[in-house]
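Protein chains: 2
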Amino acid sequence: MTERSRARSWWGWGWADAALSDAECRSYGALLPGTAADPITPPQVASLELPPSRIDPPASLASSFTAAPEARASHTYGKAYRDVVRALRGEMTTVPDLVATPRDEAEIISVLDWASDSGIAVVPYGGGSSVVGGVSCPRDDAPGVVSLDLVHLDRVLDLDTTSRAARIQAGALGPHLEDQLRPHGLTLRHFPQSFEFSSLGGWLATRAGGHYATVHTHIDDFVESMRVLTPAGISESWRLPGSGAGPSPDRLFLGSEGTLGVITEAWMRLQARPEFRRSTTVSFTDAASAFAAVRVIAQSGLSPANCRLLDPGEAALSGATSTGDWALVLGVESHDHPVEHDLARLVEIAHAHGGSGGSSGSTDTHTAASDQPARDRAAEAWRSSFLRMPYVRDGMARMGAIVETFETAITWDRLEALHDAMRVELAAVIEAVTGRPGLLNCRLTHVYPDGAAPYYTVIAAGRAGSEVEMWDDIKTASMEILTRHRATVTHHHAVGRDHRPGYDRQRPEPFAAALRAAKAALDPSGILNPGVLIS
Amino acid sequence: MTERSRARSWWGWGWADAALSDAECRSYGALLPGTAADPITPPQVASLELPPSRIDPPASLASSFTAAPEARASHTYGKAYRDVVRALRGEMTTVPDLVATPRDEAEIISVLDWASDSGIAVVPYGGGSSVVGGVSCPRDDAPGVVSLDLVHLDRVLDLDTTSRAARIQAGALGPHLEDQLRPHGLTLRHFPQSFEFSSLGGWLATRAGGHYATVHTHIDDFVESMRVLTPAGISESWRLPGSGAGPSPDRLFLGSEGTLGVITEAWMRLQARPEFRRSTTVSFTDAASAFAAVRVIAQSGLSPANCRLLDPGEAALSGATSTGDWALVLGVESHDHPVEHDLARLVEIAHAHGGSGGSSGSTDTHTAASDQPARDRAAEAWRSSFLRMPYVRDGMARMGAIVETFETAITWDRLEALHDAMRVELAAVIEAVTGRPGLLNCRLTHVYPDGAAPYYTVIAAGRAGSEVEMWDDIKTASMEILTRHRATVTHHHAVGRDHRPGYDRQRPEPFAAALRAAKAALDPSGILNPGVLIS
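Heads up: the protein sequence lines correspond to chains E and D, in order.
According to the numbering used here, the first sequence holds residues 1 to 535 in order.
According to the numbering used here, the second sequence holds residues 1001 to 1535 in order.
Heads up, a few of these hints could be off.
Taking CB as the label site, the calculated pair distances span [to be verified]:
| no. | chain 1 | residue 1 | chain 2 | residue 2 | range |
| --- | --- | --- | --- | --- | --- |
| 1 | D | 1505 | E | 289 | 21 to 31 Å |
| 2 | E | 288 | D | 1285 | 53 to 63 Å |
| 3 | D | 1296 | E | 41 | 52 to 62 Å |
| 4 | D | 1285 | E | 348 | 50 to 60 Å |
| 5 | E | 285 | D | 1388 | 38 to 48 Å |
| 6 | E | 234 | D | 1435 | 40 to 50 Å |
I should point out that these hints are in silico values taken from the structure, not numbers from a laboratory.
Remember, predicted model here, so these are calculated numbers, not experimental data.
Note that the Cβ used here is the ideal one computed from N, Cα and C, for glycine as well.
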């Protein structure tokens, strides 16, 4: 079966045929006391009671619109835990009236013109992997809602091998994008967990976090120029390696989450495929030592490609280690030169701060001829588990478990206090809400000279029928803790509709006023993704 | 004489007592046929016919304002070539009516309120080193103009040694800022040519280029959070090492050049002082080889701190080499680990692309105990000449020479075409305008995986009394060439008033609309630096 013909799940993550079987669901459920005996069976689309579409597409564009139940159902939600549970329940409160799949920019402009004239909400849609309600517009917010799916804009249009950059259409999903770059020995090297089912445009609109644990942590820094269709006209920045000409135009659209315009193309900076790679795992017995080691590494200037710290629960869950220790997965890579000195120095720093184990190995992993280099075993186990995790999450959701994540970033001086507060206060909230202790695991996904990005996973047994409300209570408590510690409401999951309570407190009010004014200038009818970022 | 009591030049660069003597002016002038026999004598402030101040300060703030001729004269211009010549001629068309030196934020807010009520233009002023008309508001543009000098806001207020960050007031000039960080073993390490006479706030407002030739080329990346006083309220972002929560608030104010608010403080990311350093100089006989070597170095991931390519004229002028070759000055540094492997690989790449000379030396320069490490001789000669250059520029201006620079950035695929166009077309313009061939030197100041930032120096003999107009013709031609090649109008000199013709063509119109809307929201009376960036 080709990827093109393989069916996507309408209610959960990824490929429909990769979902956990009922038996697998039960065996995961058995690991978590308090979950159901049997999994919920996902409803068939035909059995959903979708509200009728309230609008008709313009006649001239009719062939690029559909009101088919399958399309509407699969564009109702992103892929947050809440989304999956609601879909499993058949609650389709944000089902769009129509799904548009424009074939080119001219059709997108026509859709925006038509929607602006009619006051119809337009929700740009790439891979649909939002975990913050970024693609789910409540029906009550507009007299009509169109999900604008960029699926047809999926090509690499231009390649500049000298400057190592490519002009890429925004609807290209990760694998298809990389497939088009690979013959040229180049890669965007942006590998979020959602890689298979998220798009370039989505990454840009949400300031996605990617492959690199240090320096170039977000997609932002790989943008050379962007092309954005706004209701007020086309904004296209020049291809520039750097510029100091006024505030950066691209930085206004990066993170705009579909509220200011539809990103259709970007010139992206590429990487040569790495030929030298090393990785290893160092263990720590306590959080303070591990945090200190990672901090000194982040400040060392060595800029490892991977620097992922897993707490004991996370390490066990992912299969990296099961010793009860913290695990620090370090990885270095280069297309240009051997990297054993760098890894040796990283391990030396880790050891100087109480780490044990790990080595720089005896020879470089030189993988010029292969995309599948030999890897450190713990790192490989972690990676494999990482990509499988969303399917497991869906299976556990079917068993009534609450399985969700949230992430943040905070400066080093305040990291331990935040982490302690989460371990104590949020754990207490989880127990109070669900009636049982839950799991609360932490990893640091990205690190900076001045701080780190902790990523928390919550796993708890929910009461059937109340899981979403229980998670909402936990999420509200987590946002309160983040706000009190002045940690960002999101490091790389975006704001969407779900993070508004935290975002509105974090965002400086004069900047909010500037953003609202920019929105009014670019989208005077207020049709683009209403409720996201800006009210 | 302490730095505090040492007098600044009102008409030219830096310290008044560091200006070239008449004899030195003559000896520089003698190098350039066609210049005057004797230097212009800079006028005394008392002899300037300054138009009377049109406004009175509010009574409650009177002690923080002055209309003294010395203050008004020294706040009339930045430090562009044009500015110096106009000052030497006594043409004071942008003299402010008043100079305000607020003691704290409360006074700044009062000034903004008063100016907003009265429609008086406020020009934020840091070190006054703008080379793009950024601090020079024409008197006709407003019924009154106030230069708002942040000289009293010059302290490091907080230091977080764990996260290596400091809260610094915007008016701190480079040396005073570094003096306050040095006892803690930390440095901002932002060393533009203007370092001694430019301020943190100015660097942020103009997206200044600094010490690092790669990766962190602009001040932007060292910003953790900013505090900006706008007429619509105080915008203060949270201290965060990274965030994906909507478009970055800081990125709107970075590059805003005083048009959206007055930057008063920022939390800045700091560096440990380097203990390991190496540098060397590699020669190339032609541009194509040199560009190719620098490109591969920029794409190598080695990220040298210095990677400065000088063309033969620039190399000779700066004393780096006088062999007629291109000179590539490479420097690597670390506080954490020896760097000889990195330099050796850089030299290897340079040699593989036709470079000769240079070495990684036999031992690391380990300079823990000193701020004055041993340096490569060519690099040191270049650096010394670099800091002296503005004084020489002023001396040559007094002899009737045209001496000015402009800089840009462009992707690698188009660099050679741009460079050829400058060498041919702009050289022809210089000759046509001045009646003689001039010097047109080039260096690459900052390099990126996808492109480079060429920096051009023009030296030509002007006709007395017409130098500014001659330079304007050359500048106009240079902007035309940049626009045609879609190279940015400025890499790190900002837009100000002088770069508007190029900037307005480069900036996407929808972004311009968004910026105007943001300006209207933050500065509804339009008092902040009118004419800069936005009309």
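Hints, verified against the model:
Residue 1505 (chain D) and residue 289 (chain E) have their C-beta atoms about 56 Å apart, which leaves the hinted 21 to 31 Å range violated. Distance hint for residue 288 (chain E) and residue 1285 (chain D): a CB-CB separation of about 57 Å, consistent with the stated range 53 to 63 Å. For the hinted restraint 52 to 62 Å between residue 1296 (chain D) and residue 41 (chain E), the CB-CB distance of approximately 58 Å keeps it satisfied. Taking the beta carbon of each, residue 1285 (chain D) and residue 348 (chain E) are about 42 Å apart, not inside 50 to 60 Å as hinted.
Residue 285 (chain E) and residue 1388 (chain D) have their C-beta atoms about 56 Å apart, which leaves the hinted 38 to 48 Å range violated. Checked against the hint of 40 to 50 Å, the C-beta distance between residue 234 (chain E) and residue 1435 (chain D) comes to roughly 45 Å, which is consistent with it.
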